[in-house]
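**Student:** Per this note's numbering, the very first residue in the sequence shown carries number 171; after that it's consecutive.
Hints were generated in silico from the structure; no laboratory data involved. Be aware that a few hints might be false.
Here are the in silico distance ranges between beta carbons for each label pair [to be verified]:
(1) Val670 to Asp482: 43 to 49 Å
(2) Gly440 to Ala715: 46 to 52 Å
(3) Gly769 to Thr858: 16 to 22 Å
(4) Leu832 to Val401: 28 to 34 Å
(5) Val883 to Leu797: 18 to 24 Å
(6) Thr497 to Asp438: 25 to 31 Å
Just so you know, even glycine gets a beta-carbon here, dropped at the ideal spot from N, CA and C.
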Amino acid sequence: MGRLTARASARSVSAVSLCRKGSGPFRRAAARGLSSVAGAALVAGGLAWAGPAAAQSATTAPAGSSSASWPASSQPAMTTGPGGEIALDAITVVATYTPISTINALAGVSAVRLDQLQEYLPDRTADVFWGMPGVTAIQNGNSTQTSVNIRGLQDFGRVAVIVDGARQNFTQLGHANSAGSFFVEPGLLAGVDVIRGPVSNIYGSGAIGGVVTMRTKDANDILKPGQTWGVEGTGEMGSNGPMGFGSAFGAARVGPNIDLFWGGTYRDQGNYSDGDGNEVPGTANTTWTGIAKATIRPADFHEIKLSALNYDSSYTTSSASVITTPTTSQYGTDITNRTVSASYNYSNPDNNLFDWRSTVYWNQVQQDQVKVAGTNSTVTGNVGNPRSFTIDTVGFDANNTTRFALGPVRNAVTVGGDYFHDDVSNIDRYGFGDGYNPSGTRGVGGAFVQWQANYSTWLEAIGAVRYDSYTLNGNGVSNSGDRFSPKLTIGLTPLTWFTVYGTYAEGYRAPAVTETLVAGAHPPAMPIVTCPDGSIGTFCFLPNASLQPEVGKNKEIGVNLKFDDLLTQGDKLRLKADVYRNDVSDFIELVQFGRTRFGTTAYAQYQNIASARLQGFELESMYDARLWFAGISATVSEGKDTSDNQPLSSIQPDNVATTIGLRSPDQTLSLSLRWQWVAAVTAADLPTNSVYAPTSSFNLVNVYLGYQPSENVRMSLSAENLLNEQYTQYQQFLPSAGLTVRGAVTIRFGGGEVASSKPAALTK
171 MGRLTARASA
181 RSVSAVSLCR
191 KGSGPFRRAA
201 ARGLSSVAGA
211 ALVAGGLAWA
221 GPAAAQSATT
231 APAGSSSASW
241 PASSQPAMTT
251 GPGGEIALDA
261 ITVVATYTPI
271 STINALAGVS
281 AVRLDQLQEY
291 LPDRTADVFW
301 GMPGVTAIQN
311 GNSTQTSVNI
321 RGLQDFGRVA
331 VIVDGARQNF
341 TQLGHANSAG
351 SFFVEPGLLA
361 GVDVIRGPVS
371 NIYGSGAIGG
381 VVTMRTKDAN
391 DILKPGQTWG
401 VEGTGEMGSN
411 GPMGFGSAFG
421 AARVGPNIDL
431 FWGGTYRDQG
441 NYSDGDGNEV
451 PGTANTTWTG
461 IAKATIRPAD
471 FHEIKLSALN
481 YDSSYTTSSA
491 SVITTPTTSQ
501 YGTDITNRTV
511 SASYNYSNPD
521 NNLFDWRSTV
531 YWNQVQQDQV
541 KVAGTNSTVT
551 GNVGNPRSFT
561 IDTVGFDANN
571 TTRFALGPVR
581 NAVTVGGDYF
591 HDDVSNIDRY
601 GFGDGYNPSG
611 TRGVGGAFVQ
621 WQANYSTWLE
631 AIGAVRYDSY
641 TLNGNGVSNS
651 GDRFSPKLTI
661 GLTPLTWFTV
671 YGTYAEGYRA
681 PAVTETLVAG
691 AHPPAMPIVT
701 CPDGSIGTFC
711 FLPNASLQPE
721 VGKNKEIGVN
731 LKFDDLLTQG
741 DKLRLKADVY
751 RNDVSDFIEL
761 VQFGRTRFGT
771 TAYAQYQNIA
781 SARLQGFELE
791 SMYDARLWFA
801 GISATVSEGK
811 DTSDNQPLSS
821 IQPDNVATTI
831 GLRSPDQTLS
841 LSLRWQWVAA
851 VTAADLPTNS
861 VYAPTSSFNL
871 VNVYLGYQPS
881 ENVRMSLSAE
891 NLLNEQYTQY
901 QQFLPSAGLT
911 VRGAVTIRFG
921 GGEVASSKPA
931 ALTK
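Full structure from sequences and hints, please.
**Tutor:** Below is the structure:
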């Protein structure tokens, strides 16, 4: 029995929020200068946010390879670089479900791979997305939950987050809580792929902002070629807390057709200090994880993968800073995120009819909280009162790609379908936690067909249509809907180093349980207003059974540039840039209306407003000459509510991120410096009713040193926020950490090696 060629699997979901933010002087000037920014970037020589490891994993596909080969070839393009090593551009399937190098993808796609994660050792999930254009990960210091904002869209599933094929749909709405977040330990991750905009409509309902897919480690990330067993351990210590992290993973190959993988992590973070040296209360947390996988190849080209993941985190959180608001409610919080999945794939390079991928999964996020401090009230309960928020999600997705030629045109047709069911159960008997977050169920499913065609080496076309439907029930209220969403992309490669593409794509987001079902009187129980259910309070939340889904209509133009041997033999230049406009109709917002007899607001209800318009420019680039490397990424964006021309407060500040570094001739030592500038958010950038405060601009400088004395040992040292900048990120209320120094050692060993003429690298 043979072994199945490994395929990347990209599925994972979460949600994130949309408020409002706008243009401002810098933003308007930046918008006028988009063309000059892009031109300057080209002249500067393009560089990548990903930094050194991206270059080491950068593929040099043959010129025009995105067109010259079968679309969705199951094998990545390769080239032999200096010294005989194989250099690969990151291969992704997030754009079309078919493998292609990131630089050849006709979309705004970014990827992070294991070598980059090992280089920079992110302590927080948000750090994984550092410098990624158009993407902001929001993670307040007093919580381990993360929300992702893509091109100004977040919350309630507007960004789909998928971990090992399982959607992450947890939502806890409240004062200063994001309406969509996920929990994942960065030490478990082996790869992250992000596609920006509603251009990947193969991923189902919700992704009008984009898709984030994450893959956790597996046996192939531990075992070197020819090994039958392997063990890897990492120990890390850091200042500013202090903090500590440890991980241990093991893998075994039982014959040629069974791979086993298991392991876990433990992370402990104390309260950190900000740039002014002040301790920030509530920023301590403890997290541990466990993971196990089994991969079985029952016959040639067939693969079955079973996976189980458990995540537990404990911390004390609040909805405001306990320094500025000492009476704010604080909750001792325990989070458990459990995922079980099973996948079956069939991929035979000699079979053009069937290339099958399928996954079934169950995910549960349970958040148990006990109020441990703060003023007693009917909104938050009394000290000692418990509450819980739980979501169970079950789902599947399946798709198949068929390849064929019609004359000179090479075609790949992918047909698939998916479905997930959310069961939300929230309990707060002492406060209003389950008022903000009603219980209910939602089922969302759909099917799609995608056609990808290549003619010669210069023309590529991708056409797709997706059908979505949903049903939602709870508290005597129900809602349902369906829609067809089209997509068309045309890519032209007139020169071997230059590709230009244009895309029109639509996305469809079904209303969330909270948006549709939230109901009842807002505490305290004062006779100011009487709600339809008979309850009394300061104002009434009203359910909305007629709430319509949101529809995103994205227009995008982008360029991909790739050069090899540009300045010296073996060097590489990669650059991706795009401009976009996403018009979201039937945009859903919480609307207040009516007046009580005291002149105060009487009702609040999620309603469809006219539309929101989001637009911007993105740049991502990298140059690598082996002995030195440099990169730059940039984001300029703006958005407004077209019904009143108010800015959208979910638009993140403009930013520029750069990386520059050196490597020793034998590639065992690397030194890199990363700098990021983030623009200020002024009052002019925010709507009049914004819940977010303006923030100042800031600059961050990080330095990383990596040393690999042997194939099985790697040592790392880093100094983050080297200049001890005092800053608070937009949409967060706690200042970020000041100077933090960390050191880590990774050791790997194994057995059963097959004789090789060249030692295997530490990471596969």
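**Student:** For each hint, tell me whether it holds in the structure or not.
**Tutor:** Each hint tested on the structure:
1. The given range of 43 to 49 Å is respected by Val670 and Asp482, whose C-beta atoms sit roughly 48 Å from each other.
2. For the hinted restraint 46 to 52 Å between Gly440 and Ala715, the CB-CB distance of approximately 48 Å keeps it satisfied.
3. Range check, Gly769 to Thr858: about 19 Å between beta-carbon atoms, so the 16 to 22 Å window is met.
4. At roughly 32 Å, the beta-carbon separation of Leu832 and Val401 lies within the given 28 to 34 Å, and the hint holds.
5. Val883 and Leu797 have their C-beta atoms about 22 Å apart, which keeps the hinted 18 to 24 Å range intact.
6. Checking the proposed 25 to 31 Å range against Thr497 and Asp438 shows it holds: the Cβ atoms sit about 29 Å from each other.
The structure fails none of the hints (numbered hints given earlier).
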